[in-house]
Amino acid sequence: MIEQQHPVGSGFRTATTASEVLAGLDLTGHHVVVTGGHGRLGLEVTRSLAVAGATVTVASRDVARASAVVAGIPRVQVEHLDLTDPGSVDSFTARWNASGRPLQALVANAAVLFSLERRLDARGNELAFSTSHLGHFQLAQGLLPALRSAGGARVVTVTSGAARIGAIRWNDPTFAHGYDAGAAYAQSKRANVLFSVAFDLRHAAEGIRATAAHPGVVIGPGPHRPDRVAAYREQGLVDEHGATVIDPERGTKTIEQGAATLVFGAVHPALDGVGGVYLKDSEVAVIDDEVRPLTAQRIPADANSAMLDPDDAERLWRLSEVLTARR
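Residue numbers (this note's numbering): 463 to 789.
Hints in this document: simulated from the structure, not taken from any laboratory. Only a predicted model underlies this, so the values are computations on that prediction, with no experimental measurement involved. Every residue, glycine too, gets a C-beta built ideally from N, C-alpha and C. There could be a bad hint or two in this list.
Stated by the list, open to error - Restraint ranges, calculated between C-beta atoms of paired labels, are given here:
no., residue 1, residue 2, range
1, GLU752, ARG557, 43 to 51 Å
2, GLY640, VAL525, 34 to 42 Å
3, ARG610, SER529, 26 to 34 Å
4, ALA768, ALA533, 41 to 49 Å
The whole structure should be built from the sequences, with the hints applied where relevant.
Next comes the structure, spelled out in structure tokens:
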């Protein structure tokens, strides 16, 4: 909640990597689920947690592809999960709960990035909102028995600096009356933070804490898609030659640096007893309510009061219950 939205003194830096966050931690006996844990940030989260001793389950729509990617990483298994399919989510949670395994951490990482065309899932929900928020909303609740049995657990939802400017279209979350790709993405990222606030309020007393983690701007080393290079160059994300610009102080990071905040949220003891907050740079972010446009020097990504509003969080929870009830 807002009163907890202040740094905890983690000691990490903007350039800290996932391996550095986990240095000295023994995660033997920890069970972690990472949705989309076989691509980019998710893969680095999976790899670094497994190296630290955790048993990691990668939840993926494409089991064969994910299995090929994570082959050779110790203590990693892959299970099928399609976040846009309520039946698939129910099957995943039923299998997990039936296994009797506790769940120390759920990393809700899977997402849909900018889609130029409006796309809907089988229930009629907008695809970015469905994947990033609604599917994880259903998944986290379905896994509550396993989270409770862990005797202390965490739910980390991967968000973005777009949560600062995102707005929930309360009367038109599917964008039926005018689709905008940027607004749809920002809505899903605002929803990630509000979900963490609402989930934490409901389950903190059970020892299950929820946070939203912003990894920074991570576009990977390239080569980049030709249709994106011009926009990346305009934003200062690539140079005149198309090479990725890495500047953690500005907010642009390597995959290893971006994954740091996600594993910090999932397992680091500095966050024991902390929840309902927004993380960046392997730390609880400060609140900055000033309007700060994107510049060549800085990409605004601190928390603001609107993304943590408990009334909006509760309103989103109720809306999500309605939207996920569609079968």
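query = Checking against the hints above, which ones are violated?
reply = Violated: none.
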